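**Q** Fit chain B to the supplied structure of chain A, relying on the hints for placement.
From first to last, the protein sequence lines stand for chains A and B. If you're matching positions, the first sequence starts at 20 in this note's numbering and goes up one per residue. If you're matching positions, the second sequence starts at 20 in this note's numbering and goes up one per residue.
For the record, the hints were derived by calculation from the structure and aren't laboratory data. Wrong hints could be hidden among the right ones.
Stated by the list, open to error - Below are the DSS-like pairs computed for lysine-lysine, each with C-alpha atoms no more than 30 Å apart in a straight line:
#1 Lys382(B) to Lys337(B)
#2 Lys337(A) to Lys382(A)
#3 Lys137(B) to Lys337(A)
#4 Lys337(B) to Lys137(A)
#5 Lys137(A) to Lys137(B)
Here the structure is a predicted model, which means the values were calculated and not measured.
Okay, here's what each chain looks like letter by letter:
2 protein chains.
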Amino acid sequence: MSEVHAARRLRLRERCAAAGSTAALVSREPNVRYLCGYAPAGAVLLLAPDRDLLVLPREPSGDPAEGRMPEDVGHVVLPSPEGDPAVAAADLAPGFGADGLAVEEHHLTVARHRAIAKVAPRLRLNDLGGVVEQLRLVKEDEEIAAIRIAAEISDQALGELLESILVGRTERHLALELERRLVDHGADGAAFPTCVGTGPNAGAAHHTPSDRRVEEGDFLTVCLGARYRGYRCEVGRTFVIGTEPAAWQIELYEVVFAAQRAGREALVPGVAHRDVDRVTRQVVEAAGYGDLLGPCVGHGVGLEIHEDPRLSPAAMGKLDACVPVTVEPGVHLPGRGGVRIDDTLVVRHAADGGPELLTITTKELLAL
Amino acid sequence: MSEVHAARRLRLRERCAAAGSTAALVSREPNVRYLCGYAPAGAVLLLAPDRDLLVLPREPSGDPAEGRMPEDVGHVVLPSPEGDPAVAAADLAPGFGADGLAVEEHHLTVARHRAIAKVAPRLRLNDLGGVVEQLRLVKEDEEIAAIRIAAEISDQALGELLESILVGRTERHLALELERRLVDHGADGAAFPTCVGTGPNAGAAHHTPSDRRVEEGDFLTVCLGARYRGYRCEVGRTFVIGTEPAAWQIELYEVVFAAQRAGREALVPGVAHRDVDRVTRQVVEAAGYGDLLGPCVGHGVGLEIHEDPRLSPAAMGKLDACVPVTVEPGVHLPGRGGVRIDDTLVVRHAADGGPELLTITTKELLAL
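Same shape as in the complex, but just chain A:
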């Protein structure tokens, strides 16, 4: 992998040079990980003319989930945990041939930025902006392979849950069991807090698992994802518990299913982000539930669970090939519950088979 990371750092250097900066200080954890494969909390990466250097807040813990220490990048450990690795890196930068330093102003606090300016007064500070996030947008094969494994783990954990008894168990316990199963199947951990909603909570956006117990006739919505080698994915399904689904449940499910399928099928290179939102939203609006749909029908995934692109009405830009995104429309009827269907897919050219579905758990309405 180390050549991969070196190539990424080279691309970043080219971008910085084009913007007139001889050095960059990367402090956002997923960006540090992307550029050198290793990112314990608080670590920063300095790319200077004379060398690349990782500055660590403390001795490496050796936790494999943090990645592997790169062989081709030097590192220093701060003597005291009170120190700020970003300030220490800026202090070293001039000695490594830097006169200007591009920093992540969307991540550094005002106080840290001031401390950096103070320790290296001769360093011209400018804004690196979201350059590394832009580089991360289109994924390489190794990255998609990691997300694919995360998706397989997520499908396994979800599949096992469906085989167990659900009635009478609380949302909280089902969520904890799913997270345990993710780890059982090789995940570094959960990609985000597992969401389980039953009855009136089913299909609600941002619902936190409660002590409500699963009952006969409930909708049950589950949204989970594994983290594998730093990469994350998402899968969400809605089921009916026990009996035959009620008419309103079947009708609502069919609407969300049709909307989600429309969104998935729209995932081809060149389509506008907002058009994926539009074709998904139109189906829900046509059924009269438009005002119950969330502000965004999907988003990119990778080293973070929420990355660009954002698939929403206001989003700018077009999809590229090899961009993993979620498509996750949900409709929640206050007091009654609702449906959310969530997949992680990779945008592919039609010639390559079209959108690649990574989360393959069935989407028929199962009565469990």
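**A** Leaving out everything else, chain B in the frame of chain A:
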């Protein structure tokens, strides 16, 4: 509780007025929660001359773990999740009689601060600094009561683990089981990622639970804590598995135990933070393990798991009564393992019975 929060906001207003600012924008989540009892992710609190206002990034989820929406503070929800509540609040501030606005420069990024200055060009921006963190340092009875319950939950979860079979189970599974038990006993969740270390991993600082299985003769170190109504605590213990402890294990345990006791007994109002570190460290140094002790023997806890004060050699300041802190010296022998003993206590006057131990799980060296 709402009078409590109103009184806290009044104290903050007084500090701001003294610093010449008519309004404050609080964006750090634990600070928002401290001042109004409610803090969904991303929410900010504006304290302006004409009114207090919560600006929320989206509709409240109703998750009780986020606290309860205050009755005496108004709130607005951003129309789009792309918006920044801090920028929206700054936009509203002049209309509520603010001419100056104190912001948390140790939390706001350079980019957000610039956006705030742009949306409200006539607003004098200055630095609120760590004023709210300072107000949070000495805890009120309600706060200590919440930490006490978090400690009881943590002791219960740990106690149950000690009654179960441990040999052959992985660090990862023991950690997940402990987190489930925390929730079973009423925690909102874990206060921090549960740490379980066995054999060579025992006693290591910042160890992440691995797939190593517990073996006969191992040291087993467990560090966990519950989150209850936003408040956090920490308890850590080290055990020996199965057989009689080896001589080196007993010797090392006695050193860390004596050091931790010295630190606990030093927790009286008026003692310097660094002196608590010194009396703890001296015991470890006298035994020849000084260079294996971490940079800090304890820290404050509350709405965050790491708060002021920091009990380290470089720390300034003195302990006050009603400040909850941890005392957690640990010694790790590379390749062999080690011992960490961690309690949460409240600093109390001798007349009030001296340091109040919240985490009461036994500290004798148990062979499990």
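**Q** Compare the structure with each hint and give your call.
**A** These are the hints, each one checked on the structure:
{"no.": "1", "hint": "Lys382(B) to Lys337(B)", "verdict": "holds, 27 Å"}
{"no.": "2", "hint": "Lys337(A) to Lys382(A)", "verdict": "holds, 27 Å"}
{"no.": "3", "hint": "Lys137(B) to Lys337(A)", "verdict": "holds, 29 Å"}
{"no.": "4", "hint": "Lys337(B) to Lys137(A)", "verdict": "holds, 29 Å"}
{"no.": "5", "hint": "Lys137(A) to Lys137(B)", "verdict": "holds, 24 Å"}
Hint compliance for this structure: every hint is met.
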